[in-house]
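Trainee: Let's have the full structure, built from the sequences with the hints guiding it.
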Amino acid sequence: MDVLHNLAFGFEHALTLQNLMFCALGCTVGTLVGLLPGLGPLATISLLLPLTYSIPTGGALIMLAGIYYGAQYGDSVSAITMKIPHASSIVACIDGYQMTLKGKTGLALFTAGVSSFIGGTVAIVVLSFLAPSLGEVAFLFGPAEYCALMLVGFVCVSFVTTGSLLNGMAMCLIGVLLGQIGTDVTSGQQRFTMDLDFLADGVGLVSIALGCFGIAEITKNLDNRNERTPFNGKISLMPTWAEFKRIIPSALRGSVIGSFLGILPGGGPVIAQFAAYAVDKKVSKYKHEIGSGAIEGVAGQAAADEAAARTSFIPLMSIGIPENAVMALMMAAFVIKGIQPGPNMIAGHPDLFWGLVASMWVGNCFLIVLNVPLVRYWLSVFKIPYNVLFPSILFFCCIGTFSVNNSLNDIFTTATFGFIGYMFLRLDLDAAPLMLGFILGPMLEENFRRALLISRGDFTAFLTRPISGTLLALIGLFIIWQLARYLLKAREMGARALPGADSVGAA
Amino acid sequence: MVSSLLLLIGLITVVRSRFDQRVHLDFNPKNIFIILASLCGFAVISAHLNMIAGIVFMVFCSAFAGTSYSVVRNLMVSASLTAVAFAFQKLLGLNLPLY
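Quick note, the sequences are listed as chains A and B, same order. The first sequence begins at 1 in my numbering and counts up one residue at a time. The second sequence begins at 1001 in my numbering and counts up one residue at a time.
Hints should not be assumed to be uniformly reliable.
[Unchecked claim] A few chain A positions that, by computed beta-carbon distances, are all more than 12 angstroms from chain B:
hint	residue
1	171
2	260
3	419
4	427
5	484
[What the hints assert, rightly or not] Sample of chain A residues with no beta-carbon within 12 angstroms of chain B, all distances over it, derived:
hint	residue
6	3
7	190
8	218
9	224
10	236
11	239
12	385
13	390
14	394
15	467
16	482
[Claimed, not checked] Only pairs whose alpha carbons sit at most 30 angstroms apart, straight line, appear in this in silico DSS-like list of lysine-lysine:
hint	chain 1	residue 1	chain 2	residue 2
17	A	282	A	337
18	A	220	B	1030
19	B	1030	A	337
20	B	1030	A	102
Keep in mind the hints are simulated off the structure, nothing from the lab. Owing to the predicted nature of the structure, the values given are computational and were not obtained by experimental measurement. Where a beta carbon is used, it is the ideal one built from N, C-alpha and C, also for glycine.
Mentor: If you want it as structure tokens, here you go:
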């Protein structure tokens, strides 16, 4: 009952005309930056951070939060319609774009919008009821646990990859190697930088995402002599009842996974989408369709993406630890306003905490309207002939890449990855596992080193700690299960081939 | 460790390819090189001249990869994108070297 009382108190603050306006503004700007390739919430929030000086505290935080979770709604749209993703919508490119190629863009967008709404709603419930205590879960995870969690992420590759497991693992390892480019955080040494200064900070995630997905896809469409984008601008949003029923279980699974991973430092929307996709690919009733344009392939990841974006506020507001770069900027906004996020924040500034939580409910309603019935107006840009559209997309890719570090050198990196991505596309290699390896690789290395430093070089530390040991045991079981399945299949096929061989011999 | 694993996967892939059927590689170098040239040209011109010239170069160069080429259309696209770039600079505060 306390929570309901606190929520009512929060709505008192969130539903003032001024805060409603900031919430609507944040959601609209968020959806817009989500739609535009390359312009993510990180760049936008960093650009708008100085504005917080002149806006009331509650309004500023509500607006910045709206931009963040609004962008998670909008980023699926460019991924689904044009295969141009943001970091947190890479997985939407797989099934979402396949649905577009099948002429089911409207259904894919409806699925993404509704799933994001479900994910957001579940995450807000988690945030409201568990925020004061749930942040402590993160304290249970040490370096060894994170290391094991990253390895679970790698195992997910076997589900994420749409073709051969070997190719998927190869792409994942290439991603890990790419993640090692730059300055080593432990020793300070530069690795694989080829004495190029701009590589000292590593390769940007945006450069790889835009190169491997955006540039490669544009070139492929140009090779096919497309007069228009594969998305023809016509959409039928309303699904049939059978299709709608398929969205719900997947979205709920994604919401739970996203809510959990959002709480863990280092988790967040990027990893949550892969995890939700992997789980759907394993447990969904329609798992055989995932990868070729299935509703579940869009629903789970969209819900996880949105849920993780919301619950990533928990570690920030409960224990004062920002779990990703956007949360670090949000923390900067809190600090600018003289508020120190942490265990005392909920008690010290209940109006801000509960006002922000309540504004997320309001924002969720704004966003479902912006992204489902009104999505066709956002999409009118894609009705433009492809000869006009593709230079514009290239422009947005350039601006998006440039705006991350204000460096034109990053455009060369994007171009390089554009060529590499094009070759991957032509060789039938999926770039999604590469992104997973690139994102998880540095975290894995860092936590692996920390765990060994803490245990003084004792590798058994990974097995003796309960959470890490359990996760590693699960990986072991999974590998044994996969091997057993492969051997059983091979035996079955051999048994089937034998009678055939006999009959051929007899003939 | 990662490199060794990658080498191992590479070796397995090479061995596996010996037993697989040959597949034709559909590779058209023209379009990808036009796109790369327009991106690199945009970066070089923006660095040494200004971004407006870079945008014009990118639009005119990348249009060679399209199905048709129209100078008027390219001029209109360049003008629109320049306007968008100005909007980004003035409204969003992006630090674009436009002039």
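Trainee: Does each hint hold? Answer for all of them.
Mentor: Taking the hints in turn, this is what the structure says about them:
1. The non-interface label for residue 171 of chain A is inconsistent with chain B: the shortest C-beta to C-beta separation is roughly 10 angstroms, within 12 angstroms.
2. Look at residue 260 of chain A: its CB is around 28 angstroms from the nearest CB on chain B, clear of 12 angstroms, so calling it non-interface holds up.
3. For residue 419 of chain A, the condition that its CB be more than 12 angstroms from all CB atoms of chain B is violated, with the nearest at approximately 6 angstroms.
4. With a least CB separation of 7 angstroms from chain B, residue 427 of chain A falls inside the 12 angstroms interface cut-off, contrary to its annotation.
5. At the 12 angstroms boundary, the C-beta of residue 484 of chain A stays outside the reach of chain B, the nearest C-beta of that chain being 20 angstroms off.
6. Here residue 3 of chain A stays apart from chain B, with its beta-carbon at least about 38 angstroms from theirs, past the 12 angstroms limit.
7. Look at residue 190 of chain A: its CB is around 17 angstroms from the nearest CB on chain B, clear of 12 angstroms, so calling it non-interface holds up.
8. Distance check on residue 218 of chain A: its Cβ comes as close as 7 angstroms (rounded) to a Cβ of chain B, failing to clear the 12 angstroms threshold; non-interface status is violated.
9. The Cβ of residue 224 of chain A does not lie farther than 12 angstroms from every Cβ of chain B; its closest approach is about 10 angstroms, which violates its non-interface assignment.
10. Distance check on residue 236 of chain A: its Cβ is at least 28 angstroms (rounded) from any Cβ of chain B, clearing the 12 angstroms threshold; non-interface status holds.
11. Under the 12 angstroms C-beta cut-off, the non-interface status given to residue 239 of chain A relative to chain B holds; the minimum distance is some 34 angstroms.
12. Its closest Cβ contact with chain B, about 9 angstroms, brings residue 385 of chain A to no more than 12 angstroms, contrary to its assignment away from the interface.
13. Non-interface call for residue 390 of chain A relative to chain B: violated, since the shortest CB-CB distance, roughly 7 angstroms, does not exceed 12 angstroms.
14. Not every C-beta of chain B lies more than 12 angstroms from that of residue 394 of chain A, the closest at about 6 angstroms, which undercuts listing it as non-interface.
15. In this structure residue 467 of chain A is separated from chain B by more than 12 angstroms, as the shortest Cβ-Cβ distance comes to about 23 angstroms.
16. A cut-off of 12 angstroms between C-beta atoms confirms that residue 482 of chain A is not in contact with chain B; the least separation is 16 angstroms.
17. Taking the CA atoms of residue 282 of chain A and residue 337 of chain A, the gap is about 46 angstroms. The hint is violated against a cut of 30 angstroms.
18. Proposed proximity of residue 220 of chain A and residue 1030 of chain B is supported: the alpha carbons are some 11 angstroms apart, at most 30 angstroms.
19. For the given pair, residue 1030 of chain B sits about 54 angstroms from residue 337 of chain A by alpha-carbon distance, which is inconsistent with the 30 angstroms threshold.
20. Taking the CA atoms of residue 1030 of chain B and residue 102 of chain A, the gap is about 28 angstroms. The hint holds against a cut of 30 angstroms.
Comparing the model with each earlier hint shows violations of hints 1, 3, 4, 8, 9, 12, 13, 14, 17, 19; every other hint is respected.
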